[in-house]
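Visitor: The chain contents come next:
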Amino acid sequence: MVATRGFVGRQPSSRDPRLPPGQYDAGDEWPVLHAEATPSIDTANWTFTIDGLVDTPTSWTWDEIHALEPDRYEGAIHCVTTWSKFGMTFDGVSIDTLLEITGVRDDAAYVMARSHTGYTTNLPIEDVVDGRAWVVWDVNGAPLDDIHGGPARLLVPHLYFWKSAKWVSGLKFMAEDEQGFWERNGYHDHGDPWLEQRYQGD
Amino acid sequence: MASRSSWQTAVVAAIGPETSHAKTFRLRLTEPRTHRPGQFYVVRLTAPDGYHAQRDYSVASSPGGDDIELTVEMLPDGEVSGFLHNVVEVGDVLEVRGPVGRFFSWDGATPILGLAGGSGVVPLMSMLRLARRANRPDLMRLVVSVRSPADLYYADEISGPETTVVYTRDAPAGSARPVGRLTAEDVRPLVESDREVYVCGSAGFCDGATKLLLEVGVDVQRIRISRWGPTS
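Each protein sequence line maps, in turn, to chains A and B.
All letters in the first sequence, in the order written, are residues 19 to 220 by the numbering used here.
All letters in the second sequence, in the order written, are residues 18 to 249 by the numbering used here.
Calculated directly from the structure, the hints in this document are not laboratory data.
Heads up, a few of these hints could be off.
Using C-beta positions, here's what the derived DEER-type ranges look like [unchecked claim]: (1) A:R33 / B:L92: 13 to 21 Å; (2) B:G33 / A:R123: 58 to 66 Å; (3) A:A160 / B:D94: 23 to 31 Å; (4) A:D60 / B:L92: 56 to 64 Å; (5) B:V104 / A:E87: 47 to 55 Å; (6) B:V110 / A:R123: 51 to 59 Å; (7) B:D66 / A:E194: 41 to 49 Å; (8) A:D60 / B:A30: 50 to 58 Å; (9) A:D195 / B:L231: 32 to 40 Å; (10) B:R119 / A:S77: 13 to 21 Å; (11) A:G121 / B:D84: 53 to 61 Å.
Using N, Cα and C, we set each Cβ at its ideal position, and we do this for glycine too.
Construct all of the structure, not just a fragment, from the sequences and the given hints.
Guide: Written out as C-alpha cells, the structure is:
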C-alpha cells in the first residue's frame, strides 16, 4: 500500500488501540444508518421467533422474553461506515438463553436474522452463540429509540453493526448460507471489523 | 465481484468548488468501471506508517467515461474531508474502490422521485445527469432542500423542468414559495404511483421527508433512503 502524499493522519499518541483499522471514535454521537423508513413498533404487538433447523421453534412476546434471565453487554460497537463507539451498555437476553429453550439441530450452520421491516442479515452460527449475541432493548439504561432499532434489536458487537439487525423479529437457522439485505447489495458476508471485512471480496 | 470492489488508484484530474464547504473532485481511474447512479466510492488515505482512514463518497457524475466525480462536503474536524479539501491537488494519486452500494442505485429506466437535503443531492445528481443525457427528463423528478442559494450544489446545472429547489432559510428574491422546511404540499404534486422514491440527506431530513411521503400516500416499500449523521 502506497502512502498518500501529505497524509499523516491522527498522531500515534492520539490513536486508540481499541479502534479497529479504518475506524474513528464517534464520541457522544451515535450516527444513524438504515435504508428503510424508521418504523414505530408497539411492544404489545412485538414478537421474537426462532425457527428453521431447531428442535422446538419458539416465539416470545415482549413480556415473555423479559421474563427470561437478563444479560448485559458492555463495550464497543463498530459501524462499517467507519464510526465506532466505546463504553456502550446494552441490556437484554443472550441468544444462548433462547437456544437453550429451542435447541439447535446438528445440521444448522448459518443464521438469517430478520426484522419487522423485512430487513435481513446472515451470520454463521458461531457468531451468535457462546455469549457473542443478544436481543437487546435498553441502551445505557434507557429504552432503545425507534431510530436505533427499538423496541429491540439484535446485538452482535464483534461484527460490523449492520449485522445487529434493528427492529429484530427473529432468527432462522439454516444448513446453507444465504445472503441478507446488505450482503446482496455488496457488503461482506461475515463483517469482522478487525479484518476490515466491509465489502464483498474483502 | 471481488475485482469490481478491489482497490485501485486514481489521479485527481480536476478540483472545483460547489459551495464554500463543498468541492468536486474529478478522478481518472486506472481501471474504469461502470457505476449505477446512486452508488459510491470509498476513498482511502494512507500515512507513511501504515495508518489509514477511509470514507464513502457518492458519485455525482453520470455513468460512462474513464472519470468519476465525487463531491465532498468539508466536515468540522473531518479527517478525510479536511485532507481532501486542504491538501489534495490536481495530479495527486488517491486510492479508491468502488462502485459500492446497489440498494440506493438506479437502473436508469424506472421513473423516480428524488428528495435531497443539502449535500444529499450528490447521488441524485448522478441520476439527474443520466436522465438528461438519455433525453428522458420524464424519468426523474427532483426536490432539493437547502438553507440558502449559496448552499445549492451544481447551481448552474441543476435547474430545469425536473427540479424543484426548496429554501429553508433564505430564498432568492422573487421566490413564490415562502422559506421553510419541506412540506407535504411540496411533494404531493410530484408523487405518482409508479415512481420509486430515493431520499438522501441527514438523518433528520430523511425522517422528516419519509413522514411527508407516507402522509401523501407513498407505499413505504417504494422508498429508498440513504441517510447519515448523528441523531439529535
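Visitor: Decide, hint by hint, whether the structure agrees.
Guide: Going down the list of hints, with the structure as the test:
1. A:R33 / B:L92: 13 to 21 Å: 19 Å, holds
2. B:G33 / A:R123: 58 to 66 Å: 60 Å, holds
3. A:A160 / B:D94: 23 to 31 Å: At roughly 28 Å between Cβ atoms, D94 (chain B) and A160 (chain A) fall inside 23 to 31 Å, so the hint holds.
4. A:D60 / B:L92: 56 to 64 Å: For L92 (chain B) against D60 (chain A), whose Cβ atoms are near 37 Å apart, the range 56 to 64 Å is violated.
5. B:V104 / A:E87: 47 to 55 Å: 54 Å, holds
6. B:V110 / A:R123: 51 to 59 Å: 53 Å, holds
7. B:D66 / A:E194: 41 to 49 Å: Taking Cβ atoms as reference, D66 (chain B) and E194 (chain A) lie about 43 Å apart, which means the hint holds.
8. A:D60 / B:A30: 50 to 58 Å: 54 Å, holds
9. A:D195 / B:L231: 32 to 40 Å: Cβ of D195 (chain A) to Cβ of L231 (chain B): about 35 Å, so the range 32 to 40 Å holds.
10. B:R119 / A:S77: 13 to 21 Å: 33 Å, violated
11. A:G121 / B:D84: 53 to 61 Å: 57 Å, holds
Checked against the numbered hints given earlier, this structure breaks hints 4 and 10; the rest are met.
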